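**Q** Be aware that the sequence shown starts at 241, since it is given in the numbering used here, and climbs by one per residue.
A couple of the hints might just be wrong.
[Stated by the list, open to error] Result set (BS3-like, lysine-lysine): computed pairs, CA atoms no more than 25 Å apart in a straight line:
1) 415 x 426
2) 415 x 349
3) 415 x 347
[To be verified] Have a look at the derived ranges for each label pair, beta carbon to beta carbon:
4) 344 x 318: 25 to 35 Å
5) 364 x 274: 31 to 41 Å
6) 362 x 271: 15 to 25 Å
7) 244 x 406: 53 to 63 Å
8) 271 x 364: 14 to 24 Å
These aren't lab readings, by the way, just hints derived from the structure by calculation. Every value quoted in this text rests on a predicted model; they were computed, and no experiment measured them. Idealized CB from N, CA, C, for every residue including glycine.
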Amino acid sequence: MRLLLLFTVIITVASCAEPTYTPKPPTYLRLELPEPNYVEYADSCPYTFEISNLYTVENAPDQTDGTCHKRINLGPLNGMAYIRYWDMTQPLSYYVNSANDEIDRHKLKANNIVDERIIRPEDRVFGSFFELQGDVATPFQFYLTDSTSRFLYCEVLFNSTPNYDSLRPSLNYVKRDLEKFMTTLKWE
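Could you build the full structure based on these sequences and the hints that come with them?
**A** So this is what it looks like as structure tokens:
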């Protein structure tokens, strides 16, 4: 009888205890994006390139007569790539320094900046690609030039708070598409 009473007390006390919750680590939504199908983009501007069919290219709202500034809507990735193009009227160093100044604005937030040189002499395409790692507003920036008369600068912005870990799948996807852009750009 005592044993039954002791067992009942233990069961009652154990069942009245507060449940113990185990915190779960933060998680992020998994992106399931299709393999890109690249199509050539060409209009009246003096350059062409290949772009994923998931994206749309439109004239930038600040485009003035004689310029070929564009915006690439990154569709399901919720971001934009802004392209600015100039027929060079200043020395090449002026445009390169301006592009580097844009990159310098993000150095404080970047954990690392990886840069790659683009050298395609057969198409007269030269430039640099910058991957800014960390919680930065513009994770990718690059410029391309023919080194004498044309200069194109591009930066990518996402419509979300910069969180490098949660954006990493999108960043990897966009980086592949930007590499395709840079390897297929041709001057007209």
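**Q** Does each hint hold? Answer for all of them.
**A** Verification of the hints:
1. 415 x 426: Roughly 19 Å separates the two Cα atoms, so the pair holds.
2. 415 x 349: holds (20 Å)
3. 415 x 347: holds (19 Å)
4. 344 x 318: 25 to 35 Å: About 26 Å separates the Cβ atoms of residue 344 and residue 318, which means 25 to 35 Å holds.
5. 364 x 274: 31 to 41 Å: holds (33 Å)
6. 362 x 271: 15 to 25 Å: About 35 Å separates the Cβ atoms of residue 362 and residue 271, which means 15 to 25 Å is violated.
7. 244 x 406: 53 to 63 Å: Given a distance of about 55 Å, which is inside 53 to 63 Å, the answer is holds.
8. 271 x 364: 14 to 24 Å: violated (36 Å)
Hint violations for this structure: numbers 6 and 8, all remaining hints satisfied.
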